[in-house]
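A.B. asks: Once you have looked at the hints, place chain H on chain Y.
2 protein chains.
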Amino acid sequence: MEQATVENVQLLPAKNDDHGGVVVELEEHMDSDVFLTLLKTSLSQWTMQGKKGVWIKIPIRLVNLVEPAVKEGFCYHHAESDYVMLVKWIPETTSTIPANASHRVGVGAVVLNHKREMLVVQEKNGPLRGKGIWKVPTGIVDVGEDICTGAIREVKEETGIDTEFVEVLAFRQWHKSFFEKSDLFFVCMMRPLSFDIQIQEVEIEAAKWMPLEEVAAQPFAQKESLLRYITDLCIAKVERDYSGFSPLPVTSGVIYLNKRDLN
Amino acid sequence: MEQATVENVQLLPAKNDDHGGVVVELEEHMDSDVFLTLLKTSLSQWTMQGKKGVWIKIPIRLVNLVEPAVKEGFCYHHAESDYVMLVKWIPETTSTIPANASHRVGVGAVVLNHKREMLVVQEKNGPLRGKGIWKVPTGIVDVGEDICTGAIREVKEETGIDTEFVEVLAFRQWHKSFFEKSDLFFVCMMRPLSFDIQIQEVEIEAAKWMPLEEVAAQPFAQKESLLRYITDLCIAKVERDYSGFSPLPVTSGVIYLNKRDLN
Numbered sequence: 001m002e003q004a005t006v007e008n009v010q011l012l013p014a015k016n017d018d019h020g021g022v023v024v025e026l027e028e029h030m031d032s033d034v035f036l037t038l039l040k041t042s043l044s045q046w047t048m049q050g051k052k053g054v055w056i057k058i059p060i061r062l063v064n065l066v067e068p069a070v071k072e073g074f075c076y077h078h079a080e081s082d083y084v085m086l087v088k089w090i091p092e093t094t095s096t097i098p099a100n101a102s103h104r105v106g107v108g109a110v111v112l113n114h115k116r117e118m119l120v121v122q123e124k125n126g127p128l129r130g131k132g133i134w135k136v137p138t139g140i141v142d143v144g145e146d147i148c149t150g151a152i153r154e155v156k157e158e159t160g161i162d163t164e165f166v167e168v169l170a171f172r173q174w175h176k177s178f179f180e181k182s183d184l185f186f187v188c189m190m191r192p193l194s195f196d197i198q199i200q201e202v203e204i205e206a207a208k209w210m211p212l213e214e215v216a217a218q219p220f221a222q223k224e225s226l227l228r229y230i231t232d233l234c235i236a237k238v239e240r241d242y243s244g245f246s247p248l249p250v251t252s253g254v255i256y257l258n259k260r261d262l263n
Numbered sequence: 001m002e003q004a005t006v007e008n009v010q011l012l013p014a015k016n017d018d019h020g021g022v023v024v025e026l027e028e029h030m031d032s033d034v035f036l037t038l039l040k041t042s043l044s045q046w047t048m049q050g051k052k053g054v055w056i057k058i059p060i061r062l063v064n065l066v067e068p069a070v071k072e073g074f075c076y077h078h079a080e081s082d083y084v085m086l087v088k089w090i091p092e093t094t095s096t097i098p099a100n101a102s103h104r105v106g107v108g109a110v111v112l113n114h115k116r117e118m119l120v121v122q123e124k125n126g127p128l129r130g131k132g133i134w135k136v137p138t139g140i141v142d143v144g145e146d147i148c149t150g151a152i153r154e155v156k157e158e159t160g161i162d163t164e165f166v167e168v169l170a171f172r173q174w175h176k177s178f179f180e181k182s183d184l185f186f187v188c189m190m191r192p193l194s195f196d197i198q199i200q201e202v203e204i205e206a207a208k209w210m211p212l213e214e215v216a217a218q219p220f221a222q223k224e225s226l227l228r229y230i231t232d233l234c235i236a237k238v239e240r241d242y243s244g245f246s247p248l249p250v251t252s253g254v255i256y257l258n259k260r261d262l263n
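Each protein sequence line maps, in turn, to chains Y and H. For the record, in the first sequence the residue sitting at position 96 is 96 according to UniProt numbering, with numbers rising by one throughout. For the record, in the second sequence the residue sitting at position 188 is 188 according to UniProt numbering, with numbers rising by one throughout.
Keep in mind that the hints were calculated from the coordinates and are not lab data. Please note that the accuracy of each hint is not assured.
A pair holds if it fits inside one copy or across any two, identical chains being indistinguishable in the list.
Computed list of lysine to aspartate or glutamate pairs in DMTMM-like fashion (alpha-carbon distance at most 20 Å, straight line) [stated by the list, open to error]: (1) K176 with D82; (2) K259 with D241; (3) K135 with E117; (4) K15 with E180; (5) K124 with D18; (6) K52 with E72; (7) K259 with E239; (8) K176 with E145; (9) K156 with E205; (10) K135 with E203; (11) K71 with D31; (12) K57 with D82; (13) K52 with E92; (14) K135 with E157; (15) K57 with E25; (16) K135 with D232; (17) K176 with D18; (18) K57 with E67; (19) K57 with E80; (20) K52 with E123.
Looking at chain Y on its own, in the form it has when it is part of the complex (with noise of 0.2 Å):
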């Protein structure tokens, strides 16, 4: 009879992690005090079974379950538009819980025709609308995307143009973006493989091949300015040879380096 009332005990459904921890994807609709009741359970169970982190995947149609969540110790981990995650870290000892994301990862595409000629665009949105200037493609790099494939993504998007991935010439850290999060810029050499301008109305007021050194010459150019490097890069790539980071494939991913110089 004991045996029976321990199976009958009610828990929220939940998966081992790598690290000591379990993982709650709740998925159906629930009363907040029947969900109240599953977790202070549940939690009972995990602590005497040592579990360390906690994580509970709670999605926004399930908004309700959020502040009972909160009332038994649990923190925000990160939320994206449609869920938001929640930990508690059970142990007596430091929490080893990872980072949420702090980062947002944006291209720049360096893109020059034969005639050192480089595609640039106006923007129709954002803090350069309306000021004529020319700048390079841009944009940010989708989750789970590769920064070669966002930067061939973005020139395509914007100007119609078909290019491929030569290297990244620089990068530039940021912070306080927006928010308190922080943005790395990556300026991607690319190699044009069309050259007729098509572009996205929604985002692209204009887009052009512009000569470099007239790209250069503008007074938004001026020094120490990211359009400058950006200029300055793509001068010294032409005529001197510059060596910025190529892909090469690597257990975990891609690592971009300088291939010249490891060889």
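C.D. replies: What follows is chain H alone, placed relative to chain Y:
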């Protein structure tokens, strides 16, 4: 009299942002129903004013206000341990709400002494625990911290060694490192300024200066592994003047580039 009525309308405290939207930072405890009424009235006002994105930052102690905000059409944008940021795009036009942070940023520090020995550690936690593998000190860059500063801090914390930053030798991009997020790992060359090791007991099992060739000869450093690339890059730096990316000031932040090739 009409004027007086209008002035008496209670709205949520909001600040305009630079993109035609408003930001609400909630601080005072509030009943959920009171908040819901204020939110509905404020949304009508903002809609009439042609506002675009509406941001609401809710500290975790006011978790009772998350559910009413979601019911009024807000989505999550991001969260840190002590708050969640919600957002709603009012206009009919396509949302230009910026993407959430997608990457965590890590550093690995390559520190070599004058005897061609590399500073290496064995970790107490994580996947390499108990495997006897000697690796370079690594760590996560804090939000708002420069890569070069983070590398100096991690070496000091783990081994007690003071260093100065030389350059980024390479970087690796890796996806789904935790949940759906990605990871950028910067391999940093550092010059040691002190040599007596004092290990950090919580994270580090052991630390020592190890001949570079012995680090490279470990079975763990097989072809295409990150550790193999790190030792190869270090040898290229010492023997063949490999050129990585050095930091330079740029109007917004720090740019890392191949200074030797640029000049």
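A.B. asks: Against each hint, give a clear statement of whether it holds in the structure.
C.D. replies: Evaluated hints:
For a Cα distance limit of 20 Å, the shortest separation of K176 from D82 across copies, 18 Å, qualifies, whereas the shortest one inside one copy, 24 Å, does not. In the homo-oligomer, the alpha carbons of K259 and D241 lie at most 20 Å apart both inside one protomer (13 Å) and across protomers (13 Å), since each shortest distance falls under that limit. With identical chains, the CA atoms of K135 and E117 are at most 20 Å apart within one copy only, with a shortest distance of 12 Å there and 46 Å across copies. With identical chains, the CA atoms of K15 and E180 are at most 20 Å apart between copies only, with a shortest distance of 17 Å across copies and 32 Å within one.
In this homomeric assembly, K124 and D18 come within 20 Å of each other (Cα to Cα) only across copies, at 15 Å, whereas the closest approach inside a single copy is 46 Å. In this assembly of identical chains, K52 and E72 lie within 20 Å of each other by CA distance solely inside one copy; the values are 15 Å within and 36 Å between copies. Proximity of K259 to E239 under the C-alpha cut-off of 20 Å is found in both arrangements, the shortest distances being 19 Å within a copy and 15 Å between copies. Proximity of K176 to E145 under the C-alpha cut-off of 20 Å is restricted to the inter-copy arrangement: shortest distance 10 Å between copies versus 23 Å within a copy.
Within a single copy, K156 and E205 get their C-alpha atoms as close as 15 Å, which meets the 20 Å cut-off; across copies the closest is 49 Å, which misses it. In this homomeric assembly, K135 and E203 come within 20 Å of each other (Cα to Cα) only inside a single copy, at 13 Å, whereas the closest approach across copies is 46 Å. Both within a single protomer and between protomers do K71 and D31 lie at most 20 Å apart by alpha-carbon distance, with minima of 15 Å and 16 Å respectively. In this assembly of identical chains, K57 and D82 lie within 20 Å of each other by CA distance both inside one copy and across copies; the values are 10 Å within and 16 Å between.
Taking CA atoms no more than 20 Å apart as the test, K52 paired with E92 passes inside one copy only; the shortest distance there is 9 Å, against 46 Å between copies. Proximity of K135 to E157 under the C-alpha cut-off of 20 Å is restricted to the intra-copy arrangement: shortest distance 15 Å within a copy versus 42 Å between copies. When the C-alpha separation of K57 and E25 is checked against a cutoff of 20 Å, the pair qualifies only within one copy, where the shortest distance is 5 Å, while the shortest distance between copies is 25 Å. When the C-alpha separation of K135 and D232 is checked against a cutoff of 20 Å, the pair qualifies only within one copy, where the shortest distance is 14 Å, while the shortest distance between copies is 37 Å.
In this assembly of identical chains, K176 and D18 lie within 20 Å of each other by CA distance solely across copies; the values are 14 Å between and 33 Å within a copy. In this homomeric assembly, K57 and E67 come within 20 Å of each other (Cα to Cα) both inside a single copy, at 13 Å, and across copies, at 16 Å. Taking the closest pair of Cα atoms, K57 and E80 come within 20 Å of each other both inside a single copy (11 Å) and across two copies (14 Å). When the C-alpha separation of K52 and E123 is checked against a cutoff of 20 Å, the pair qualifies only between copies, where the shortest distance is 19 Å, while the shortest distance within a copy is 49 Å.
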